[in-house]
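J.: In order, the protein sequence lines correspond to chains A and B.
By the numbering used here, the letter at position 121 of the first sequence is numbered 121, and the numbering carries on one by one without gaps.
By the numbering used here, the letter at position 67 of the second sequence is numbered 240, and the numbering carries on one by one without gaps.
Watch out, some of these pointers could steer you wrong.
[As the list claims (entries may be wrong)] Some chain A residues near chain B, calculated using beta-carbon distances under 7 Å:
no., residue
1, Val14
2, Arg58
3, Gly122
None of these hints come from the bench; they were simulated from the model.
Virtual Cβ for every residue (Gly too), placed ideally from N, Cα, C.
Protein chains: 2
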Amino acid sequence: MGDGNKVIFSGRIVSLLIEEHELPDGRRASFEIVRHSGGAAVLPVMEDGRVILIRQFRPAAGGMVWEIPAGRLEGGEPPETCLHRELREEVGVRAASLERLGEMLTAVGFCDEVVHLFVARGLTEVPRALEPDEYIDVVPMAFDEAMAMLRRGEIPDGKTQLALFLYQQRNVR
Amino acid sequence: MGDGNKVIFSGRIVSLLIEEHELPDGRRASFEIVRHSGGAAVLPVMEDGRVILIRQFRPAAGGMVWEIPAGRLEGGEPPETCLHRELREEVGVRAASLERLGEMLTAVGFCDEVVHLFVARGLTEVPRALEPDEYIDVVPMAFDEAMAMLRRGEIPDGKTQLALFLYQQRNVR
């Protein structure tokens with residue numbers, strides 16, 4: 001980063017900066033950068049092999065979106081801490097195990113957010129507690145049905161598509 | 174959207190707003206929303222079946238990132254127009270055909286960006302012309318090698334992982 005950095009906004013979820021960077025060949029340019037603390041998302045898998053998707057109201061997308069449970073990493077917490085919280089709040093389950101599937105840079109052209117992807121197993125029900133700005137339906141379904149929805153273009157959310165593929169790849173290998 | 178919307182920043186790449194939205198159950202809440210015109214990304218496939226990845230300097234990620242060619246939709250253009258431009262500028266090829274693989278919401282928690290994913294075939298070389306803020310290496314490789322890199326966690330970029338899986342799924346079916 002150079003000296004010409006300017007904080008435009010520093011919010012609860014994102015910060016926006018105009019940053020000056022030196023390219024590998026020495027040229028300099030300025031960039032609009034959204035900074036985010038990172039996130040974690042998890043595919044919950046039930047005893048009988050069904051997976052749990054959620055339908056969540058997302059203002060950015062203008063309506064309800066099919067997703068897997070996810071949250072923002074708060075105060076440098078590990079993804080696992082975030083995911084245990086989100087599984088309890090959004091789905092109403094506790095997971096006996098969390099296993100890493102992979103990770104993704106969500107929008108590397110302008111944003112530093114990394115989302116860590118996991119699978120959760122050994123689920124037991126606990127009381128659910130949505131946050132005030134959340135509206136979420138919980139929908140267990142066969143894994144093949146989730147993949148069929150993906151193929152039909154009904155799951156536009158990137159992290160959800162990627163988690164389903166990473167889980168499928170792991171189980172096929 | 175409600176009346177309580179406030180434009181914090183309106184830039185070349187993104188805008189940032191504080192928006193008030195009504196949830197499906199009638200509650201209201203305010204959200205930090207990054208608005209983006211959308212993008213397109215393309216997996217170029219050569220005659221011999223090799224695919225073309227690029228290594229690109231990405232300030233948001235703090236270094237070089239493995240990706241597929243991609244760009245921002247300008248002035249409401251269709252994804253195909255954007256991709257023909259990016260293939261020429263970033264890779265130095267013209268594609269005889271572009272075929273849709275899918276699409277992804279990149280970061281639906283705070284951003285409305287949709288990236289349209291395509292595969293390009295029938296490639297012929299043309300002069301390459303990077304933009305002033307771009308630094309990009311072009312790397313043709315076997316598709317299996319790209320998937321091995323993905324499995325080893327060497328391709329964190331979400332749109333690139335998803336395009337590789339969508340292309341693989343299409344060819345397996």
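J.: Would you list, in rising numerical order, the hints stated earlier that this structure does not obey?
T.: Violated: hint 3 alone.
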